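Chain by chain, the residues run as shown.
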Amino acid sequence: MLGLPRGIATVVRTVARLNVAVALAMLASVLIPSFSQPAAAMNIQQIQSPGGIKAWLVEEHSVPLISLKYAFDGGNSQDPEGKAGVANFITAMMDEGAGDLKSEQYQERMEDLAMRMSYDDTKDSLYGSFETLSANRDKAAELLKLSVQEPRFDQDAVERIRQQLIANLIYADKDPGKVAMREWYAQAFAGHPYARPSSGTVDTVSKITRDDLLAYHKRIFARDNLKVVAVGDITPAELGKLIDDVFGGLPAKADLFPVAKTEPIPGGSQRVIDMGVPQSVAVFGLGAMPRMDPDFMTAFVVNHILGGGGFSAKLMEEVREKRGLAYSVYTYIQPDRYTSILVGSVATKNASMAESLDIIRKEMKKMAENGPTQADLDAAKSYLTGSYALRFDTNSKIASQLLGLMQEGFGPDYVETRNKKIEAITLADAKRVAARLLKPENLIVTVVGKPAGMKSVIPAALRPVAAPSRG
Amino acid sequence: MRLVTFTRLNLLTILALSMLALTPQAHAASATRATEFKLENGMDVVVIPDHRSPVVTHMVWYRVGSADEVRGKSGIAHFLEHLMFKSTDKIPVGEFSKIVSRLGGQDNAFTGHDTTAYFQRVSKDRLGKMMEMEADRMVHLRLDEKEVLTERNVILEERRSRIDNNPSALLDEQMNAALYLNDPYGTPVIGWYHEMEKLSRQDALTFYKHYYAPNNAILVVSGDVTPDEVRRLADATYGKIPANPDVNPVRHRPSEPPPIAARRLVLKDPRAGNYSMQRYYLAPSYVTANRSGEAEALDLLMKIAGSGTTSRIYKKLVVESKLASSAGGDYSGYGLDGGTISLYAVASDGVSLPKVEAGIDAVLDDIVKNGVTEAELARAKRSYLADYVYESDNQATLARRYGWNMAVGRTVADIEGWPEAISKVTTDDVKKVAAEYLNPRASVTGYLVPDESGVAKAEDLPPPSPNGVLR
Numbered sequence: 001m002l003g004l005p006r007g008i009a010t011v012v013r014t015v016a017r018l019n020v021a022v023a024l025a026m027l028a029s030v031l032i033p034s035f036s037q038p039a040a041a042m043n044i045q046q047i048q049s050p051g052g053i054k055a056w057l058v059e060e061h062s063v064p065l066i067s068l069k070y071a072f073d074g075g076n077s078q079d080p081e082g083k084a085g086v087a088n089f090i091t092a093m094m095d096e097g098a099g100d101l102k103s104e105q106y107q108e109r110m111e112d113l114a115m116r117m118s119y120d121d122t123k124d125s126l127y128g129s130f131e132t133l134s135a136n137r138d139k140a141a142e143l144l145k146l147s148v149q150e151p152r153f154d155q156d157a158v159e160r161i162r163q164q165l166i167a168n169l170i171y172a173d174k175d176p177g178k179v180a181m182r183e184w185y186a187q188a189f190a191g192h193p194y195a196r197p198s199s200g201t202v203d204t205v206s207k208i209t210r211d212d213l214l215a216y217h218k219r220i221f222a223r224d225n226l227k228v229v230a231v232g233d234i235t236p237a238e239l240g241k242l243i244d245d246v247f248g249g250l251p252a253k254a255d256l257f258p259v260a261k262t263e264p265i266p267g268g269s270q271r272v273i274d275m276g277v278p279q280s281v282a283v284f285g286l287g288a289m290p291r292m293d294p295d296f297m298t299a300f301v302v303n304h305i306l307g308g309g310g311f312s313a314k315l316m317e318e319v320r321e322k323r324g325l326a327y328s329v330y331t332y333i334q335p336d337r338y339t340s341i342l343v344g345s346v347a348t349k350n351a352s353m354a355e356s357l358d359i360i361r362k363e364m365k366k367m368a369e370n371g372p373t374q375a376d377l378d379a380a381k382s383y384l385t386g387s388y389a390l391r392f393d394t395n396s397k398i399a400s401q402l403l404g405l406m407q408e409g410f411g412p413d414y415v416e417t418r419n420k421k422i423e424a425i426t427l428a429d430a431k432r433v434a435a436r437l438l439k440p441e442n443l444i445v446t447v448v449g450k451p452a453g454m455k456s457v458i459p460a461a462l463r464p465v466a467a468p469s470r471g
Numbered sequence: 001m002r003l004v005t006f007t008r009l010n011l012l013t014i015l016a017l018s019m020l021a022l023t024p025q026a027h028a029a030s031a032t033r034a035t036e037f038k039l040e041n042g043m044d045v046v047v048i049p050d051h052r053s054p055v056v057t058h059m060v061w062y063r064v065g066s067a068d069e070v071r072g073k074s075g076i077a078h079f080l081e082h083l084m085f086k087s088t089d090k091i092p093v094g095e096f097s098k099i100v101s102r103l104g105g106q107d108n109a110f111t112g113h114d115t116t117a118y119f120q121r122v123s124k125d126r127l128g129k130m131m132e133m134e135a136d137r138m139v140h141l142r143l144d145e146k147e148v149l150t151e152r153n154v155i156l157e158e159r160r161s162r163i164d165n166n167p168s169a170l171l172d173e174q175m176n177a178a179l180y181l182n183d184p185y186g187t188p189v190i191g192w193y194h195e196m197e198k199l200s201r202q203d204a205l206t207f208y209k210h211y212y213a214p215n216n217a218i219l220v221v222s223g224d225v226t227p228d229e230v231r232r233l234a235d236a237t238y239g240k241i242p243a244n245p246d247v248n249p250v251r252h253r254p255s256e257p258p259p260i261a262a263r264r265l266v267l268k269d270p271r272a273g274n275y276s277m278q279r280y281y282l283a284p285s286y287v288t289a290n291r292s293g294e295a296e297a298l299d300l301l302m303k304i305a306g307s308g309t310t311s312r313i314y315k316k317l318v319v320e321s322k323l324a325s326s327a328g329g330d331y332s333g334y335g336l337d338g339g340t341i342s343l344y345a346v347a348s349d350g351v352s353l354p355k356v357e358a359g360i361d362a363v364l365d366d367i368v369k370n371g372v373t374e375a376e377l378a379r380a381k382r383s384y385l386a387d388y389v390y391e392s393d394n395q396a397t398l399a400r401r402y403g404w405n406m407a408v409g410r411t412v413a414d415i416e417g418w419p420e421a422i423s424k425v426t427t428d429d430v431k432k433v434a435a436e437y438l439n440p441r442a443s444v445t446g447y448l449v450p451d452e453s454g455v456a457k458a459e460d461l462p463p464p465s466p467n468g469v470l471r
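Listed in order, the protein sequences are those of chains G and C.
With our numbering applied, the first sequence corresponds to residues 1 to 471, in that order.
With our numbering applied, the second sequence corresponds to residues 1 to 471, in that order.
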């Protein structure tokens, strides 16, 4: 009996899943003095294992659990040319046997130890998550080590997972939201690895071989591109030993392809992709400030006011609350390593898509020209600072938050200083950055469905000569 | 509504959802965790302290859901849930969520067949304010005609997003309608489109005035709070609202006649992507179990039969015979009127659905005939107990578990006695419920067939059965 949430649960999940950094940037701040600061309650220790691997640790001995989150630089943008989907393939293969244990044995052993392990790939990183009960720590870590260092990638398991991945891709090809997002990237980053479908296509996944998986594993699973965070029932000495056991046997250096910095193609475009669905889905977006840009935080706050703040956001107000045009409309800023984008989505019946996009453009333009009001800014700051602690109320969430900070090159003190940065944003800053960020003429739009009265409008200069690099 | 998903990795999600309402009390935590009391007006209160982080989850659960709707008004429970965010005598239109947000909180709500819940996650010092606002809208909702009509368009868009754009969701809807001959569980929570588009302000108010009252509600607070604090705040807010003597504490629902015919249906949809099948069986729930331990045995049965890559169905269909690219099953045992067993499979390329179905039936027949092994049962029990410990990491999950159980009439003692009840289940118990409830006559089987041409291939039709009954 699945409940039907009224609001933006999906959006929140999407944002969180897309990029740890996004959630962090949004929430890494505390100001309201009555709040106990998570940072104060939370002692973030920076440790170095005897073998030289650095990690952050928050000890929490009240629940007999350990959560370990780690990331290797190099996500699906490291897929070899013509083999899009390798990183995603690997994430599904990590519990399919390792060392002497075949797939079934490995999985039964995991279950016997109640160990949880999962992987996820983004454009720039491969994320691992490992959770164990304290009582099973050593045995579970041994199993994790096998998978990290000696995954088997047995041919029968490869074929089995391939069938699942292909079934998922076929399914996703019929999902208007997924198609709109995939095509948005293809349009915005034509010619760059970011343009490739992150889980590949039926064609590319069909071609991926066991050797491709082994080669990717060898290149990416290394120590110099590894970040590790642990939260839970474990001491620094125990953690040092655990991470040496698990990761110490990996190569010292990763072998990453260079990825060029890039920006979404400016100039604006609109692509309509026909699909027989009663509700069209649009994805729209443009370039934003990189994570280390001095205006990033301000841009983040501006986005919150425009489309990131759920029912407090302008787009939700205008599209849903006032006109009832959509259940869901939102934007977020996603700072990837080699680009940064502001991207959003709206889903509405075919007859209303043109009108909805028109409203969205107008709101962007209005925000660019006038900026937010003081009241908008105050409300956004109040939420962003006040809700910080909500991101730190479970071991697993704390670990994700800290891993994101580590990846972006911040220190643990960020948790305490972040609030001040948000508080320091003035109305003049917000107006200036709104104008710098929001240029509706650059908006890249992809619509999937049968939107009434809409057709593709792609300036000649933006038409790729050949299909964008999709392989 | 069942969760329909075809990716193997999502099995974890299914499991997590099915576990939402469970409380296996493992050795990790003390035997009693929650404190329970009643306000003078009859409102139930449950407090689950977790002092690790200075935040709380505040939920109000009403003992009313879509299965309590008058026939012909499908969707009114969920529509009202949306309208609860509009205005009250004290709160202007659309301000509820904005106030929560300005206080650094997050809010949302959801509706099921048996319950409707509203929640906020906030810093602990805002709990009193949340209670004040939630108590206010329990009895002082104000609905403006125009606001109601606008919001009706929103729920229609929500239906398009969740159901009409998604053939799997459409199949699920059709299957439930076929499974339940008389029980209102056959009507989708979100409602049928043609009835939703006629729902009125008066429909919402009638429903509201009857069901929304303190003596029909459960307050659940988890997080950094003590039972005494909650009692003080609740007395000052909810405690001031008079009980509604018209709410009948016994919930009467039309019940199912004895099932005598297996039902089958085929949904042909060009958007289906893959050939897949689902099957649902009527089964008792924790609430309607005929004898103690029955629902627990069903949980363990389906864990062994269908949960994850170590399950019988996955091993047989996906790993060994390769008839399916993914397959599994689940037991959903938290309905007021009853539970369900569900099965799913995505056919491997070129394999006909009847062949897949026969493969699943062979697995089930084997369990019915020969039962499960002691080793399988022990592993399944361990796994459930571990899940409990993992879930105790998350205060929001705990709040949901207690709230959902209480809303369908289970007690704190039932919830906290679950691990012990699970541990008592024997292989005989499992065999017995398998024989009793894997009953084809109490089932519906649905095929989802990709159909570009509008003509189904002959092999998609069900095979003839020797007994005239398929299983």
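Possibly wrong hints are sitting among the right ones.
Stated by the list, open to error - One side only, chain C facing chain G, incomplete, derived with CB under 10 Å:
hint, residue
1, H51
2, S123
3, E147
4, D224
5, R263
6, A396
Said to hold, decoys possible - Below are the DMTMM-like pairs computed for lysine to aspartate or glutamate, each with C-alpha atoms no more than 20 Å apart in a straight line:
hint, chain 1, residue 1, chain 2, residue 2
7, C, K315, G, E318
8, C, K146, G, E317
9, C, K316, G, E183
10, G, K366, G, E355
11, C, K316, G, D378
12, C, K98, G, E355
13, G, K397, C, E391
14, C, K315, G, E104
15, G, K322, C, D164
16, C, K322, G, D154
17, C, K381, G, D112
18, G, K178, C, D164
19, G, K102, C, E376
20, G, K178, C, E391
21, C, K381, G, E363
22, C, K98, G, D154
23, C, K381, G, E355
24, C, K98, G, E104
25, C, K316, G, E108
Hints were generated in silico from the structure; no laboratory data involved.
None of the values given here were measured: they were computed from a predicted structure.
Note that CB positions come from ideal geometry on N, CA and C, so glycine has one too.
>> The hint names R263(C) as touching chain G; please verify it with the least Cβ-Cβ distance against 10 Å.
In response: violated (20 Å)
>> Hint check: K178(G) vs E391(C), CA-CA at most 20 Å. Holds or violated?
In response: violated (30 Å)
>> Next pair to validate is K315(C) with E318(G); report whether the Cα-Cα distance is within 20 Å.
In response: Not satisfied, since the Cα-Cα distance of roughly 51 Å exceeds 20 Å.
>> Checking one constraint from the list: CA of K315(C) to CA of E104(G), max 20 Å. Satisfied?
In response: holds (8 Å)
> Does the alpha-carbon distance linking K316(C) and D378(G) stay inside the 20 Å limit?
Replying inline: violated (58 Å)
> Given the proposed pairing of K98(C) with E355(G), does the C-alpha separation stay at or below 20 Å?
Replying inline: Since the Cα atoms of K98(C) and E355(G) sit roughly 25 Å apart, the hinted pair is violated (cutoff 20 Å).
> Are D224(C) and chain G close enough, Cβ to Cβ, to be under 10 Å, as the hint says?
Replying inline: With a minimum Cβ separation of about 8 Å from chain G (threshold 10 Å), the hint on D224(C) holds.
>> Need the status of pair K102(G), E376(C): alpha-carbon distance at most 20 Å?
In response: The given pair, whose Cα atoms are some 19 Å apart, holds under the 20 Å limit.
>> Restraint: E147(C) near chain G, CB-CB cut 10 Å. Satisfied or not?
In response: holds (9 Å)
>> So if I understand the rule, the pair passes when the alpha-carbon distance is 20 Å or less; does K322(G) with D164(C) pass?
In response: violated (24 Å)
> Can the restraint linking K98(C) and E104(G) be considered satisfied, given a maximum Cα separation of 20 Å?
Replying inline: Violated: K98(C) and E104(G) sit about 50 Å apart, past 20 Å.
>> Min Cβ distance, S123(C) to chain G: is it shorter than 10 Å?
In response: Holds: closest Cβ of chain G sits about 5 Å from S123(C), inside 10 Å.
The structure is inconsistent with the numbered hints 5, 7, 9, 11, 12, 15, 20, 21, 22, 23 and 24, although it conforms to all the rest.
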